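Just so you know, the protein sequences line up as chains V and W, in that order. Counting in the numbering used here, the first sequence runs without a single skipped number right up to 230 at its last residue. Counting in the numbering used here, the second sequence runs without a single skipped number right up to 244 at its last residue.
No wet-lab data here; the hints were simulated from the structure. Bear in mind the structure is a predicted one, so any value in this text is a computation, not a measurement. Take these hints with a grain of salt, some might be off.
What the hints assert, rightly or not - Coverage of chain V stretches by chain W, computed from C-beta distances (three or more under 8 angstroms per stretch; other residues unrestricted):
hint, stretch
1, 137-150
2, 170-184
3, 187-195
Unchecked claim - Okay, the calculated beta carbon distance ranges per label pair:
hint, chain 1, residue 1, chain 2, residue 2, range
4, W, E114, V, P92, 53 to 61 angstroms
5, W, E113, V, L64, 25 to 33 angstroms
6, W, I129, V, R221, 29 to 37 angstroms
All C-beta atoms, glycine included, are put in the ideal place defined by N, C-alpha and C.
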Amino acid sequence: MFENFDFDVIARSWQALIFQGLAFTAQVTLLAMAGGIVLGTLLAMMRLSSFKPLAWVAAGYVNLLRSIPLVLVIFWFYFLVPYIGAWIIGAPRPIPVGAFTSALVTFIMFEACYYCEIMRAGIQSIPSGQANAGYALGMNYWQMMGRVILPQAFRNMTPVLLTQTIVLFQDVSLVYIISLPDFVTIASKIAQRDGRLIEMYLFVAVVYLAICLLLSHFVKRLQTRFAIAR
Amino acid sequence: MPMIEIDKVSKWYGAFQVLKNCSTTVDKGEVVVVCGPSGSGKSTLIKTVNALEPFQQGRIAVNGQSVGDRGTNLPQLRARIGMVFQNFELFPHLSIMRNLALAQTMVLKRSGEEAIERGLKLLDRVGLIAQKDKFPGQLSGGQQQRVAIARALAMDPIAMLFDEPTSALDPEMINEVLDVMVELAKEGMTMMVVTHEMGFARKVAHRVVFMDQGEIVEDAAKNDFFGSPRSDRAQTFLSKILNH
Chain V
1 MFENFDFDVI
11 ARSWQALIFQ
21 GLAFTAQVTL
31 LAMAGGIVLG
41 TLLAMMRLSS
51 FKPLAWVAAG
61 YVNLLRSIPL
71 VLVIFWFYFL
81 VPYIGAWIIG
91 APRPIPVGAF
101 TSALVTFIMF
111 EACYYCEIMR
121 AGIQSIPSGQ
131 ANAGYALGMN
141 YWQMMGRVIL
151 PQAFRNMTPV
161 LLTQTIVLFQ
171 DVSLVYIISL
181 PDFVTIASKI
191 AQRDGRLIEM
201 YLFVAVVYLA
211 ICLLLSHFVK
221 RLQTRFAIAR
Chain W
1 MPMIEIDKVS
11 KWYGAFQVLK
21 NCSTTVDKGE
31 VVVVCGPSGS
41 GKSTLIKTVN
51 ALEPFQQGRI
61 AVNGQSVGDR
71 GTNLPQLRAR
81 IGMVFQNFEL
91 FPHLSIMRNL
101 ALAQTMVLKR
111 SGEEAIERGL
121 KLLDRVGLIA
131 QKDKFPGQLS
141 GGQQQRVAIA
151 RALAMDPIAM
161 LFDEPTSALD
171 PEMINEVLDV
181 MVELAKEGMT
191 MMVVTHEMGF
201 ARKVAHRVVF
211 MDQGEIVEDA
221 AKNDFFGSPR
231 SDRAQTFLSK
241 ILNH
């Protein structure tokens, strides 16, 4: 069945695929994960705030972005970020924002919603007595959160946060629509140039499969090791 | 001057009143035991003292400083009031030593060595110095509660609050915790203790406060309380917990 296939296209192009495409995808994934977890944790703290307007703003933001398909968000941000940037700094014209920055901002803001919900569950899983113990020792809110609640919430939620990151890793392929040179974009460019679409997309799928399986396996091992003894 | 002054404090959860016009005081060096049936509001009352529970009416002052005022620096005030909880509430992600040192360095701005030195001294005092590098989950309940007491003492508190410190313990571990508390009381620590341990109350309390349904029903010197409780409710309560 493979006699008409020419897998040589992969041999010819794997360096560009891995060192440019996959490296780009990994870079966006890691940066968006870091930014997303930080922003998501802040959103989670806002959602759990006893000051209601703060909680409403965070909930509105999270629910809005979670109900829009990621492709649309990427598109919108790509066109809107220059205008929003101009509005923030008060520039008369839309400021030029590179596709990379635009995509990164998009993923951070989008994934933050999912990380937010994970961290919210994580924070809520810590008994309220822990917060009381922190306060009773004279800690303020930020000290109590930073040293008592969040470290425990992070530890409990690390497997789930990483699972969400695996989803993010796959989602990054959507930057294809704004022609950023990620793994899928580069693969499809080469595939179209050489007329070898099926071979190339098979290869891409196998690479994604291998990486995601590997990461899932890693997450599963962490899960058993990370539980805090109570 | 009283160390803890609770003056006509009322608190509601929605329409339900959990504290009804409660007033009492704890003088410097005094040990006051608060008892009463479950749901009587005693845990809520003790938590209002360091503002872990807000209240809507009345006034509470610790060492002359009003707890409910907006201008009060709550973290600073709380740092000087030790509190021991029913469920110990040690930080499970930190070693015993770091449990003791954390607030000392972060809140009192002590140096790391200073905090460790103070921590070791107190661990030694509660007989747990050998456990300093373990994690809370590796200790028994009684040991955890002794560490929790040491953690509170490490802040050099001017008063200690105990919220049912032995209620979550297996019976054979209650005494090791009570022994530490008795010793503390004998040293003249100002203590407010919510407990059902009437043996402890008899041994070291100066006064007993009896609560029922959010009210302070009786506030009497220890001997008066055990000898001749005036209210029916206190008599019923005492007969229930003493005769078994």
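Quiz prompt | Ascending list of hint numbers which this structure does not respect | solution = The structure breaks hints 2, 3, 5; every other hint is satisfied.
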